[in-house]
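Asks: Each chain, written out:
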Amino acid sequence: MPLLSKNKAEAVNEFNQYVKPVSLWADAWKRLKKNKMAVVGMWIVGLYLAVTFGAAFLPFYSYTDQELLHANLPPSTRPAGRVAVERLESRRGELLVAMQASNREDLKRDLDRVNEDLDRVRFELDRDPVHKRVYLLGTDYLGRDMLARTVYGGQISLLIGIVGTITAGLIGIVLGAIGGYAGGWADNLLSRFVDIMYSLPYMLVVIIIMSMFKDSSNATVLGIPLNIIILFFAIALVSWLTMSRIVRGQIISLKNSEFVEAARSMGAGPGRIVFRHLLPNTVGIIIVYSTLQFPSFIMNESFLSFLGLGVSAPYASWGTLVSEGVQGMQLYPWRLVVPATAMTIFLFAMNFLGDGLRDALDPQSKNRS
Amino acid sequence: MSRFIVRRLLSIIPTLFIVVTLSFFLIRLAPGGPFSREKKLPPEVLQNIMRKYHMDEPLLNQYFRYIGDVLRFDLGPSFRNKDHSVNELIGKAFPVSLHLGSMALAVALFLGLSVGVISALNQNKWPDYSAMSVAVLGISIPLFVIGPLLMLLFALRLKWLPTSGWISSRAGWATVILPTMTLMFPYFAYIARLSRGSIIEVVRSDYIRTARAKGLKESVVIWKHVLKGALLPVVTYLGPAFSGIVVGSVVVEQIFVVPGIGRIFVQSALNRDYTVIMGDVIVYSIILMGANFLVDVLYSMLDPRIAYK
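Top to bottom, those sequences are chains A and B. Last residue of the first sequence: number 371 in the working numbering, and the count goes up by one each step with no gaps. Last residue of the second sequence: number 310 in the working numbering, and the count goes up by one each step with no gaps.
The hints are simulated quantities; they were obtained by calculation from the structure and are not laboratory data. C-beta: ideal position from N, C-alpha, C; glycine also. Fair warning: there could be bad hints in the mix.
According to the in silico footprint, chain B covers these stretches of chain A (three or more CB under 8 Å from chain B) [to be verified]:
| no. | region |
| --- | --- |
| 1 | 59-67 |
| 2 | 93-99 |
| 3 | 126-135 |
| 4 | 162-169 |
| 5 | 316-326 |
Here are the simulated lysine-lysine pairs, BS3-like style, with alpha carbons at most 25 Å apart [to be verified]:
| no. | chain 1 | residue 1 | chain 2 | residue 2 |
| --- | --- | --- | --- | --- |
| 6 | A | K35 | B | K229 |
| 7 | B | K218 | B | K229 |
| 8 | B | K218 | A | K38 |
Turn these sequences into a full structure, and let the hints steer you where they fit.
Replies: Below, the structure is given as structure tokens:
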């Protein structure tokens with residue numbers, strides 16, 4: 003009789019004591035929960051997902067509304083109108099001092115404009131509810147709320163990460179499984195193809211693709227801008243390579259084991275063997291690798307957006323926000339620091355979660371980084 | 002071994018050919034061209050320009066003409082930068098990028114290995130914890146976030162270093178520091194983690210115990226026995242690190258206005274300067290594939306167990 007049979011009632015050890023059967027997942031979960039950093043990472047990732055995708059139901063300001071009187075306001079917990087008045091007053095003070103030294107024409111014009119704005123804000127202060135807004139993380143150069151922009155930018159960034167991971171995962175798993183299980187010429191062909199693709203300078207090819215289609219950004223397919231779709235494809239096109247190599251290796255090492263033999267002797271076809279028996283045994287490593295790959299998609303997208311080749315206005319991603327922030331970082335550092343911090347915290351959390359998952363699902367690889 | 006080297010070198014040629022062909026048709030496929038501007042040129046002028054650059058011929062003719070030129074090491078004239086040939090542009094920019102990249106790699110290796118050794122020898126004590134936190138930070142933050150933040154802190158706020166430029170500018174050698182630090186950071190972090198992990202593993206192995214049992218000095222054990230065994234994963238990582246640095250330099254050169262091939266690459270991609278893009282792609286591909294080749298050879302020299310057929 004097997005020591006631990008499948009029937010729960012009979013799950014007893016050699017001393018005839020009842021033991022609760024422990025599945026791979028329960029075991030992995032237990033290990034993951036012990037890893038504090040991974041748990042914190044998981045909570046942070048969950049929070050990010052909830053906030054960015056639930057943004058429409060949360061009380062954020064619009065990320066497209068421009069309020070030019072509120073341009074470049076620093077982070078503050080006070081109403082925007084007051085902050086704007088203070089800033090305009092200090093600017094007026096500076097201008098008056100500067101004008102005592104010289105009476106340049108442009109200074110005078112600046113002063114007139116500041117006075118005009120000041121009058122307008124003071125007049126509207128208690129009438130227009132816009133000035134009651136609170137910009138916790140400041141505003142950008144068009145007076146848009148940085149908090150809302152960062153949240154909605156995160157939506158695009160995370161979406162690209164998720165779609166990229168799924169696409170790369172699907173292509174990689176299917177091709178890897180076919181190559182690994184079939185062997186022979188199919189495997190040879192796929193492996194050579196993967197080898198060649200690997201040695202291509204992939205990011206450079208993506209840069210070329212994106213720059214070529216930059217001008218067609220106002221074309222849309224199903225309401226999604228064409229260049230975002232091309233971005234998805236360009237990134238997913240090459241990122242399945244590693245996944246397919248990993249799956250292929252796993253399948254090859256598993257396909258001659260006894261349980262596959264048993265399945266085959268019971269009359270299971272190749273499809274059933276691959277999808278019911280082989281792939282479930284590689285799920286652990288697929289999950290681990292996907293989690294580790296997810297941040298790299300976000301990084302790649304932001305990399306392109308930073309160069310001005312990724313997501314374009316009115317959409318924004320973390321990369322676009324960072325590159326916008328760089329432009330005024332000396333005077334308005336929060337415009338750079340806010341999206342950069344949001345992005346870094348997420349990538350940080352994702353890395354800890356990925357490491358934790360790897361240690362939990364694949365204990366043999368412990369201490370390898 | 003020598004047969005492996007020859008075969009490995011020969012395999013670069015078809016890949017390079019694929020890269021060139023792929024980029025050539027990719028670039029021509031896209032709408033717009035190097036001469037489409039805001040203000041439309043008169044048709045006769047456009048015709049003349051097209052004829053001058055052989056752009057009026059069928060695509061296949063253009064392709065074979067280009068391949069022929071490339072085989073003679075002539076990358077053609079720049080479409081946008083009329084006074085310069087692509088060879089000149091790249092010839093001037095390449096040393097700058099090479100300098101930046103090799104310096105970043107060297108600093109990343111040196112700092113990464115030192116931090117890795119210190120962490121591993123103080124496992125689970127404060128130097129280990131603080132070093133590894135910095136390392137995870139380095140792996141998590143993208144280059145284009147580190148770069149501007151370093152610039153904001155050291156150049157704009159503290160005013161210790163110049164914001165941009167390169168050695169030939171007025172600020173001189175100080176311009177090198179920020180781009181190098183930015184570019185090396187993720188690779189430094191990864192190398193530190195990698196070497197820490199493998200040193201911890203090697204220290205526990207039997208041959209190290211034997212070395213200690215022989216009564217060798219601790220420094221000899223570390224330098225002669227541990228490091229040699231622990232270096233392998235780092236060497237394997239050199240290939241990916243190198244290509245990462247090459248691609249990363251595109252962004253870093255953009256941030257710090259370094260006149261290297263990365264900057265030329267982005268500009269020409271945006272301007273549709275066909276020949277310059279192609280030239281850049283060829284140079285980049287040769288560098289990347291050459292580096293991977295070197296890493297493979299180095300690897301087989303370090304680990305005699307790996308025999309190449």
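Asks: If a hint holds in the structure, say so; if it does not, say that too.
Replies: Here is what the structure says about each hint:
Counting residues of the region 59-67 of chain A whose C-beta lies closer than 8 Å to any C-beta of chain B gives 0; at least three are required, and the coverage claim is violated. Coverage of a stretch by a chain is defined here by at least three residues with a beta carbon nearer than 8 Å to that chain's beta carbons; for the region 93-99 of chain A and chain B the count is 0, and the condition is violated. Coverage of the region 126-135 of chain A by chain B is violated in this model, with 0 residues showing a Cβ closer than 8 Å to a Cβ of that chain against a need of three. Evaluation of the coverage hint for the region 162-169 of chain A: breached, as 0 residues show C-beta separations to chain B shorter than 8 Å, against a requirement of three.
For the region 316-326 of chain A, the proposed coverage by chain B is satisfied: 3 residues have a C-beta within less than 8 Å of a C-beta in that chain, meeting the threshold of three. A C-alpha spacing of about 36 Å is found between K35 of chain A and K229 of chain B, which places the hinted pair above 25 Å, so the restraint is violated. Distance restraint check for K218 of chain B and K229 of chain B: the Cα-Cα separation of roughly 16 Å lies within the 25 Å cut-off, and the hinted pair is therefore satisfied. With a CA separation close to 38 Å, the supplied pair K218 of chain B and K38 of chain A exceeds the 25 Å bound.
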